[in-house]
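What follows is each chain in one-letter form.
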Amino acid sequence: MVQIQNVAFGYDAARPVLRDVSLSIPRGSVIGIMGQSGCGKTTLLRIIAAQYLPTAGTARVLDVPTSELDREGLYRMRRRMGMLFQFGALFTDMSVYENVAFPLREHTELPDDLIHDLVMLKLEAVGLRGAAQLMPAELSGGMARRVALARCIALDPQLILYDEPFTGLDPISFGVIVRLIRELNDSLGATSIIVTHDVQEALGVVDYVYFMAAGRVIAQGAPDAIRASEEPFVRQFVNGALEGPVAFHYPAQEYGAELELEGS
Amino acid sequence: MSLAQIREHARGRLERLGNAVTSQVWRWGFASRFLFYMVVHSGTALRRFRLTVAEIYFAGVLSLIIILVSGLFVGMVLALQGYETLQRFGASESLGVLVALSLVRELGPVVAGLLFASRAGSAITAEIGLMKATEQISAMEMMAVDPIARVVAPRFWGGVLSMPLLAALFSAMGIFGGYLVGVQLIGVDPGAFWSQMQAAVDLRNDIMNGVIKSVVFGVAVTWIAVFEGYDAVPTAEGVSRATTRTVVTSSLAILALDFVLTALMFTGGKSA
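Chains as they are written, first to last, in our numbering: chain A, 607 to 870; chain B, 3 to 274.
Hints listed in this document are in silico derivations from the structure and should not be mistaken for laboratory results.
Every residue, glycine too, gets a C-beta built ideally from N, C-alpha and C.
One or more of the hints may lead you astray.
With the C-beta cut set under 8 Å, the calculated list includes, among others, these residues of chain A facing chain B [stated by the list, open to error]: (1) TYR681; (2) ARG684; (3) ARG685; (4) PHE691; (5) LEU710; (6) HIS713; (7) TYR861; (8) ALA863.
Here are the computed distance ranges between Cβ atoms for each label pair [claimed, not checked]: (9) ASN207(B) - THR661(A): 40 to 48 Å; (10) ASP718(A) - ASN207(B): 44 to 52 Å; (11) SER673(A) - LEU48(B): 32 to 40 Å; (12) GLY189(B) - THR698(A): 53 to 61 Å; (13) VAL235(B) - ASP723(A): 18 to 26 Å; (14) PHE75(B) - ASP723(A): 38 to 46 Å; (15) ALA135(B) - MET741(A): 38 to 46 Å; (16) LEU37(B) - THR698(A): 41 to 49 Å; (17) ARG35(B) - ASP719(A): 37 to 45 Å; (18) SER673(A) - GLN7(B): 46 to 54 Å; (19) ASP813(A) - GLN26(B): 31 to 39 Å; (20) LEU727(A) - LEU37(B): 37 to 45 Å; (21) MET741(A) - ASN207(B): 46 to 54 Å.
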């Protein structure tokens, strides 16, 4: 479904963000891409979404090399995928109903009553059929994420991308989103990629995990293997430990020298 | 300061100047390509015309209050000032001509354009900039919907169509204000007020030229507004700066274009 081979990427030559990343994502699976902030995982998601093109290597998404796509080809591919943004990215001037109906109106010639049925079907799937007439400003963070999820699956995508879907959610909303990601993936027969740094939570929903650090994949495996991993970085990350290969302190000159203490 | 330091200092300044000029030229090129792309991809805005109608409401109808009230007061002040000068030469019955020509040729398009830039232009920039900052534009792209065709083009055409109508309403309201002060308050003969205006104001040379100005201002203001919004840095500060740039650049563009158009249309007392 998604093949990333030796991909490198940088916003400029001096600052590479991804270095020689390779991964393979089979159809029907839920994959987690994890790592601390700034490790390049969101950039990798944007390469999979063809928002960025790799500076080296190839990214094949839905069996198409993204660097060979023209504008029409890119849009044709994106009609087969959905993306859930970190805070939902709902259209604030449209109601919940109109947000979910948006992709259907833009890409199909379906009559209004059929669009109504489809929108209600999608909202029922995320438990928000009763909120159809609310505006995005009237929704809680968790509800907004669920509406965005309903919009994301409106056209029954084959590939669903999640950019930090758990950020800022209360435990109940979090549980709902986790359950929805798994259920929607299985019922649609889709493939899902979740980019997150909420490790413990994500390990409960994914089939396979890629761990990233400094633009590289440094560990991978099934959730149980990751939990049992002896790799110091993975252990530190999974347990949220202060001590480990990731230093608490940002690199700086000697503390004594900073304070201009004698003898330092 | 040594000669080498002076040379280094001068080189630094030249580099900064060069970078500023290059980035400005690049921005102009980007804005021109943006306009071209937007016009070419205006099919959605024209085919689904209700999208453009919604923007006419947003940019045009919601600007009506400030346009109508300003037009009324500008017309009333013109009548007061005009009467004061005209009566010295015994030409107070030409008050209607003075008010109408001032408004139709100049003040209508220019003042309505400046108000339009402040009210609607800034709102368009802020809206598109915030859509970018909250990833709504990215979400649209990920749904395989072109945001320039779906979001930007309807706003552009909504603004372009609204501006001449607002300028016409501004002028009409100004003439009514001039009538209220000149005829009803000061006592200028209403027959002379209207008949001299009718005789002196030419449809092609005065009214059409005013309409052409307002169309040009509409294109300039709305182009600047949508471009600044789309090009805004997606942060609160970035959107704030873009909104300010829209008002300042649009206002300067209106004044510069007005001078050029006036020079082309009315030079030497002859109409183009």
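Okay, the hints, checked on the actual structure:
Checking TYR681(A) against chain B: minimum C-beta separation of about 4 Å stays under 8 Å; hint holds. For ARG684(A), the suggested interface contact is upheld, since its CB lies about 4 Å from the closest CB of chain B, less than 8 Å. The closest approach between the C-beta of ARG685(A) and any C-beta of chain B is roughly 5 Å, which is under the 8 Å cut-off, so the hint is satisfied. Restraint check, PHE691(A) versus chain B: the minimum CB separation of about 5 Å is within 8 Å; hint holds.
Interface hint at LEU710(A): violated, since its Cβ lies 10 Å from the closest Cβ of chain B, which is beyond the 8 Å cut-off. Because the smallest distance between the Cβ of HIS713(A) and any Cβ of chain B comes to about 7 Å, under 8 Å, the interface hint for this residue holds. A hinted interface residue such as TYR861(A) counts as satisfied when its beta carbon comes closer than 8 Å to some beta carbon of chain B; here the least separation is about 33 Å, so the hint is violated. For ALA863(A), the suggested interface contact is broken, since its CB lies about 31 Å from the closest CB of chain B, more than 8 Å.
Separation of ASN207(B) from THR661(A) is about 60 Å and departs from the stated range, judged on CB atoms against 40 to 48 Å. For the pair ASP718(A) and ASN207(B), the supplied restraint of 44 to 52 Å holds, since their beta-carbon distance comes to about 50 Å. A C-beta distance of roughly 34 Å is found between SER673(A) and LEU48(B), which places it inside the suggested range of 32 to 40 Å. Checking the proposed 53 to 61 Å range against GLY189(B) and THR698(A) shows it holds: the Cβ atoms sit about 55 Å from each other.
Between VAL235(B) and ASP723(A) the Cβ separation comes to about 42 Å, which falls outside the hinted range of 18 to 26 Å. A hinted range of 38 to 46 Å is violated for the C-beta pair PHE75(B) and ASP723(A), which are about 54 Å apart. At about 19 Å, the beta-carbon gap between ALA135(B) and MET741(A) misses the expected band of 38 to 46 Å. Our hint of 41 to 49 Å for LEU37(B) and THR698(A) is violated, since their Cβ atoms are close to 26 Å apart.
Checked against the hint of 37 to 45 Å, the C-beta distance between ARG35(B) and ASP719(A) comes to roughly 42 Å, which is consistent with it. Taking the beta carbon of each, SER673(A) and GLN7(B) are about 49 Å apart, inside 46 to 54 Å as hinted. In this structure the supplied range 31 to 39 Å is violated for ASP813(A) paired with GLN26(B), their Cβ-Cβ distance being about 52 Å. The supplied range of 37 to 45 Å is met by LEU727(A) and LEU37(B), whose beta-carbon atoms lie about 41 Å from each other.
Separation of MET741(A) from ASN207(B) is about 50 Å and conforms to the stated range, judged on CB atoms against 46 to 54 Å.
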